[in-house]
Each structure stands twice: as structure tokens, then as C-alpha cells.
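Participant: Assemble chains S and V onto chain C, guided by the hints.
Residue numbers (this note's numbering), protein chains in the order written: chain C, 1 to 276; chain S, 1 to 287; chain V, 1 to 289.
Check before you lean on any hint, since a few could be wrong.
Below, a list of computed lysine to aspartate or glutamate pairs in the EDC-like style, where the Cα atoms sit at most 20 angstroms apart [claimed, not checked]: (1) 11/C x 172/S; (2) 206/V x 127/V; (3) 226/V x 173/V; (4) 206/V x 155/V; (5) 39/V x 67/V; (6) 41/S x 172/S; (7) 63/V x 47/C; (8) 63/V x 246/V; (9) 8/C x 6/S; (10) 113/V x 272/V; (11) 11/C x 92/S; (12) 184/V x 58/S; (13) 206/V x 144/V; (14) 180/C x 6/S; (15) 184/V x 155/V; (16) 174/C x 6/S; (17) 63/V x 260/V; (18) 2/S x 165/C; (19) 113/V x 279/V; (20) 113/V x 267/V; (21) 113/V x 260/V; (22) 113/V x 173/V; (23) 63/V x 165/C.
The following label-pair restraints were derived from C-beta to C-beta distances [to be verified]: (24) 53/S x 243/V: 51 to 61 angstroms; (25) 179/V x 43/C: 11 to 21 angstroms; (26) 221/V x 255/C: 23 to 33 angstroms; (27) 257/V x 128/S: 48 to 58 angstroms; (28) 51/C x 128/S: 26 to 36 angstroms.
Derived from the structure by calculation, the hints contain no laboratory data.
We put the CB at the ideal spot given by N, CA and C, even for glycine.
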Amino acid sequence: MGARISQKIAKTLIWTIALTVIIILMAIIVFILYNGLRVINWTFLTEIPREMGQQGGILSPIIGTLTVTVLAVVIAMPFGIGTAFYLAEYTRGGAVTRIIRFCTESLAGIPSIVYGLFGLIFFVTTLGLGWSILSGGLTVAIMILPTIIRTSEEAIRSVPNIYREVSFTLGATKWQTIRKAVTPSAVRGIANGIILSIGRCVAETAAVMLTAGTVLTMPESIFSSSRTMALHFYLLAMEGTAMDKAFGTSAVLIILIFFINVVANALVNRFVSKGH
Amino acid sequence: MKNFKEKLSGRVFLTLALFSILALAVITIFILVQGAPVIGKHGFAFIAGTSWSPGNGEFGILPMIIGSVAVTLGAAVIGVPIGICCAVFMAEFAPSLMRTIFRPAIQLLAGIPSVVYGFWGLLFVVPFISNHLGGLGLSILAGSVILSLMMLPTIISISEVSIIVLPSTYKDGALALGMTHWQTIRSVQLPAAKSGIVAAVILGLGRAVGETMAVIMVLGNATAIPSSVLEPVRTLTTNIGIEMGYAEGEHRQALFATGIILFVIIMILNISAQYITRNKSKSLKIK
Amino acid sequence: MGKNISFFKGFVSLALTCASVITATSCSSGGNIENGGTKSHVVVAGSTSVQPYMEVLAEEYVKFYPDSAVDVQGGGSSAGISAVGSGIADIGMSSRSLSESEVELYQFTTIAKDGLALIVHPENPVDNLTLEQIRDIYTGEITDWSQVSDQFEGDIFPITREEGSGTRSFFEEFVMDGQRITSKAIVQSTNGTIRTLVSGNARGNKQAIGFISLGVLELPGQNPVKGLQIGGVAPTTENLANGSYELFRPFLVVVGEEREESTHFIDFILSDTGQGLLEARGLVRIDGG
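Isolated chain C (complex conformation) (with noise of 0.2 angstroms):
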């Protein structure tokens, strides 16, 4: 009997406080939209802010945000995934290869506010590029850097051996093996892995706060300064005294990342449906 009861309570108590999290949470999500999505039109979108940003929209803040997205991708990503081809198909496991993974591991982990701090310093000051897109790409490159490489070694060393060793008999060198027998297999792993640091790039408020900077002008060129979306939020949320366009500003930037996860999804199923 004593078993039957536990299990009664245990379920109740289950149900209740997942029920209970599980709809607190997705009620931010529901009440950020619900005040945001009001203030969203095209005005909103295709002005720039004015008075602070009390006034206008959010034209440069969404030019910003992707200006550093795609910069930040595009610099990380050859990088990236040519490290990761390096480690999973050029070294044979072996000491070099895991230190060289334990230091992916762990610049993983650092805070984004230190990548800002260093960015800061590095790329703004020192190398004179001031504050500007071009700065705040450089520093989130190196942020997502080690993420694109972990998820693309990971990507590519579950492509079944066989795969590679059937590629040899074949008579194919290595890079042909790489291209045409691993690189397919990986590809959804490795994509996976870059959307997944695009919706950090987007998200990413402390690292480019002090390198691309503050400005709410519409950017000329890469070497301009611009805020981005999740920036321009954190400043209206802390003034206070524009709150409409803070949650507008938060409900685009919940919308993007619902199309980024969409499209994630999308990749997965579509390769599994494929298939080999």
C-alpha cells in the first residue's frame, strides 16, 4: 500500500510542478509577445530610433544585429569547420588532440562579457578598429569559434567508419573520401552546429555592448558602429521610459529566434527523412 500511495503523491507532485514551470515559463514568452506584438508595424520596423529611442523603431538595431550575425558566422565558420576537419580527420587521437579539445572545451565556457572585455581591448583599442560592426564580428566569431568547431568534430567523427574505409578500398584518397564520403554524413551536424551560434550571435548582448558599441544611427559600413536588437532591448529595459518599444524590440528578436530554431528543425527532419 505504502508504494501505491508514494506513487499517487509522486505523480500529483509531478504534474503539479511541471504544469506549473512549464507554463510560467512559456507565459514570458506569451506576454512578451502579447505587449510587443501591438507595437510592431512597418513604421517600427524601417525607422530608426530617435529621443533614445523613445521615438522612431528599430531599423539600425536590426541592421546591426545582422550585420555582426553574418560577419561573425562568416569568419568563425571556415575556421571552425576546417579545425574540426583537421582534428577528426588528420590526427589520430593521441595527447596533441586532447589538450587542443580540453582548450576548446573550456574557452566554451568562458563568459561572453570576458570575450567582450578582450574584444575591447583587442580589437577596438589596440588595433584601432574602434567601435564598430567589423570589432563586435571579430570578438563573437572568436565567442562561437570553439562551439562550431566542438559541434562539427562531433559531426564528423559519428560518420560511421565504415563509410571512410569503403571509400579507400574504393581506391579514393583522403580528400576525396573527405568530400565525398564523410562531408554528406557530417553536413547536418555541422549545420546544426552553426545555426545553433547564429541564435547565440543574435542573443549576444555583453560582447558586443563595448565593440560595436551603442549608436543608433543607421551604419555606413562594417567600420561604423551600430547597436544590435538584444543591445538596444537591454538599454530600453534599464532606462525605463520607452517600455513599448522594449517589448517590441524583444518580441522581433523572440520571433527571429523562433524561425532560426524553425529552421534548424527543419534541417534535421529533412536529412532524416532523406536518408542513406
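Facilitator: Just chains S and V now, with coordinates in the frame of chain C:
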């Protein structure tokens, strides 16, 4: 031609790898070089010093260490049990309709900018604490609450996966032996999924320790050592975030030194994660 | 299998296209700080108190001189001066006067006068405090409202700005008189943040006290705050202009080396148009106009 492509591709990969490692090495060395002088000069007084007042040349980060520990611990105390509970719910109890709605929602929540959680904390958690528990509301408790919310999606999704991938024989065997559902979960599934759950928790903790912007919004950022969870505090990360814009000279080096301390903490977390998961997978194989 | 690769290739080419577009636009406009390109580009950084006014000035300036671009960043007075020193910014904004070491390195120009207001929640019955009382509150000596008022009791929550803030430096110099602000004080990063905190509706907000720029004391459309009288003198622009309100500070712009574009912009700020703009927004102009 084949040979040329062969050599070229190999070299290209090697170059890319070297550049990446170089970049990562640069940042590590940079942080070490910038931060080491302060640790060298002040030594123990840096970590144990209770007064942070750069204007007066005082660089003790003990209040921030206490802040980080308190806020993270609080987040863990709230987030871990609830997270595991939700994971068990998703894996074992939730009807599939709920699962199809909740799972993408949780994935979305994992990707939402942390400043959104901070915002929510400012709007709801802080006033709630102020009205019902006292103080201004900007406090360790507020920080722990929003950090736990931030940790939950990570803990839930990874723990859920760890439970689901268990061989069905574990559960079926236990049920066949006459154990109730709850007994099965408690004595068979959770222990078996332990390594994945622990990994999820440590991942979540790592994220909590590294969080900056969201907690700047709700912690109050006072530099004193807090005497209760209702008092304002700074963490190691928020300290850097607030001061990095204007820190110069020794002050700036002190911030890099704080970065080193953070790096050490994260490394310890990573090492323990690897250690725990390695042990657990070993014992699973023996079974 | 082929589809996987073509998707990946598509992704990569999209990314590369974006990259080339970005690079192309950057080459055609040129214009980083070093070579100035075809456009004049001025980077202004520093005091968050000055920042909103500087934004407006920059907007007007660009209307008059469409060939120029003015970036306005925040960060705080010390951050701005530091940015001028390291070359990241052309002009620094400061809401405090320069220290001795800074005076030797930089040139400064006063562009307006602003006041510092001590604020409490409108429901706080306290109307008037002396500088000594404020000092004692901020050192932690006075901890309860009942110690300065017989109509109100409860913990006092003093709020201050971050260390690099010009507003805080000014407060420390003129109000604290050499004593330290208590480490228990809440620290927030801009005028708006402090104002929002003090005007909030939870129980604790009503017991808070903070200091902000006089220009943001009255903000239409926002929750109100009450500006405390200092020794009987109310924090108004009139009292600031006639000198009876003692907490007034200069808004400065700071430059390192002479740059034609920076000087041109500063001249605009000091012109009748610029000063008129500032006056319309609650500052005291310095040209006596």
C-alpha cells in the same frame, strides 16, 4: 593532380586549424598577461579582500565571489529539482500532445536572449520580492530566480533526452518485477540517466555563472558583502560588465584578473563534469 | 546525398554573398577614423547625462551638414575621457570637471550647465534635506527615514551611479566632501535607470533615494519623481540659472589633439542654434544668450 589536391587540402585544413588555435591562444594569453600582474601584486588580498573600491586603489573581490556563489547556488537549489521534475514529466508522464507543444517551446526558451529573462525579472520578480519579502527587491533572490528560469530549458531538454535514450529493458524489467511507475523512475531510470542529468546540470550551472547582463538588471550591484538573500550584490561577471567601459591601468588589470578567476571556475566545472560522466558510463557498462 | 551538399553549398554561397556585400559597402563609403574617407566622421563618447542632448545636437548637425556623420556612444564620463585618450573617440563628453592629471592631457570646453537633483518617490513626505543629511544617508550613518522625518519611517535605500560616472564624481566631490559612499548602496548605470527605480510602485521603491541630472527630473509621460529641496532651495532651472541652487555642474566636451571635424562640431554646439537646442531641453546655456 590528385596528389596536388591531396596535399593542398591537407595543408588548408592544417592552416585553418592553426589559425583557430592561434586565435584561441591569443585570447587566453592576453587575459593571463593582463590579469596576472594584479594577482601577483596583491596575491591573496585580491581574492580575500573585502573592499572593492578602484577609486581608492582597493581591489578585493571577495564580495563578488560570494555574490557569484550565492546567486548560482540559489539558482541551482531552485532550478535543479524543478528541472529534473519537469524532465521526468516530459519523458514519462506528459501526453504526446503536450509534448509536441512543450518541446519546441522549451527549445525556444533556451535560445531567448538572457536580457529578456532579466526584463521579466525587473517587471515581476523584483517588485514581488520588494512588496512581500522586503528590501528594494534588487537582490540575490531575484538573481537566483531568473537564473534558475534560464537554467531550466537546458536542464529539462538534456535530462529528458538522457531518460528517453535509456534502453527500454530498464523500465520494462522493473515494471515486470512489480515496481510502480514512480518506483521505477526513482530507483532505476533516474540513477541510470544520472550522467546525462549531471552533465545537463553542470551545463546549466556554467551558463548561470557566466551570465552577466540579465543579472545586472536585477542584482542591485552593491559592492558590499551581502548579509541576506534580500540584499543587493555583485557577481564576478557583473563587476566586469559594469566597470569595463572606464577601467584603466591597474583597475583594468583587476578586471582581467577577475576573468582569470572565472576561467578557473569554469574549468573546474568542466573537469568535474567530465570526471562524473566518465565514471558513470564506466559503471553502466559493467552492469 | 547530393541534396545535402547542395544545401550546404547554397548556405555557404549565401553567407559569402552577404560578406562581399558588406565588404563592398565598406570599401565604397570608406570612412573609418583614420583616413576620414569622403565623409567627415566624428565619434563622441562619454557621459550618459550629456548623451541624450548630444544625440539631438548630432541629429541637427547632420541636417545642416549632410556630408558628416556623428556617432554618439554612452559609457560614462570617465569612459569617454579614457576613449579620447586611447584614440577610440574624437570627442569625450563629461558631466564633471576634469581632474588635475586630465587637464594636462586634454582640452575641454564647457557647453552648458546642468544641475544635480536628489530624488525620492512622490509618496515620500520628505520635501527638504540639508547637504549634511544627504551625506550621512549616503555614508550609511543615517539608515532610517525616521531619522530625518517624523512623518515617515522605514529603511532608506540609497542609490548611486557607477564609479566612472561623472554624475557620481560630482556628487562625491560636492556632497560627500571626501567621505565614501557606502558599499551597500545600490549601483545603477544611467540617469533613467535611477529615475525609474525611484519612481517605481513597489514598497521598497518608496523608500529609495537617488541623484540624477536635473534635465531628466521632469519627464512627460513617465512616472513622476519628487526633487528634494536642498536647504530649502528647489531644484529648478530658474534656481540653477540664478545660482541659488548650489548643485550645478558643467557639461564639458573633451578633445585630445585638434581635429578640424571635431572643432567644427563643437563650434556648432556653441553656436546660437546649438545652445538654443540645449536650452529648450532644460539646460542652462553658457553663452549668456
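Participant: For the pair supplied as a hint, residue 63/V and residue 47/C, is the alpha-carbon distance within the 20 angstroms limit?
Facilitator: This hinted pair holds, its Cα atoms lying about 17 angstroms apart.
Participant: Starting from residue 63/V, check that the Cα of residue 165/C is at most 20 angstroms away, please.
Facilitator: Violated, because 68 angstroms separates the two Cα atoms, which is more than 20 angstroms.
Participant: For a C-alpha distance cap of 20 angstroms, please report whether residue 63/V and residue 246/V respect it.
Facilitator: Distance ~37 angstroms between residue 63/V and residue 246/V Cα, so the pair is violated.
Participant: Would you check the hint for residue 39/V and residue 67/V, treating anything up to 20 angstroms between C-alpha atoms as holding?
Facilitator: holds, 6 angstroms
Participant: Holds or violated: residue 184/V with residue 58/S, Cα cutoff 20 angstroms?
Facilitator: holds, 16 angstroms
Participant: Between residue 180/C and residue 6/S, is the straight-line Cα distance small enough, at 20 angstroms or below?
Facilitator: Holds. Residue 180/C to residue 6/S sits at ~14 angstroms (cutoff 20 angstroms).
Participant: Between residue 51/C and residue 128/S, does the C-beta distance stay in 26 to 36 angstroms?
Facilitator: Holds, since residue 51/C and residue 128/S (Cβ atoms, about 31 angstroms apart) stay within the stated range.
Participant: Return holds or violated for the Cβ distance of residue 179/V and residue 43/C against the range 11 to 21 angstroms.
Facilitator: violated, 50 angstroms
Participant: Regarding the pair residue 206/V and residue 127/V, is the alpha-carbon distance no greater than 20 angstroms?
Facilitator: Since the Cα atoms of residue 206/V and residue 127/V sit roughly 14 angstroms apart, the hinted pair holds (cutoff 20 angstroms).
Participant: Mind checking the alpha carbons of residue 63/V and residue 260/V for me, to see if they're no more than 20 angstroms apart?
Facilitator: Within the cut-off at roughly 19 angstroms; holds.
Participant: Between the alpha carbons of residue 113/V and residue 272/V, is the straight-line distance 20 angstroms or under?
Facilitator: holds, 15 angstroms
Participant: So if I understand the rule, the pair passes when the alpha-carbon distance is 20 angstroms or less; does residue 206/V with residue 144/V pass?
Facilitator: holds, 13 angstroms
Violated hints, in rising order: 3, 6, 8, 9, 21, 23, 24, 25; the structure is consistent with all others.
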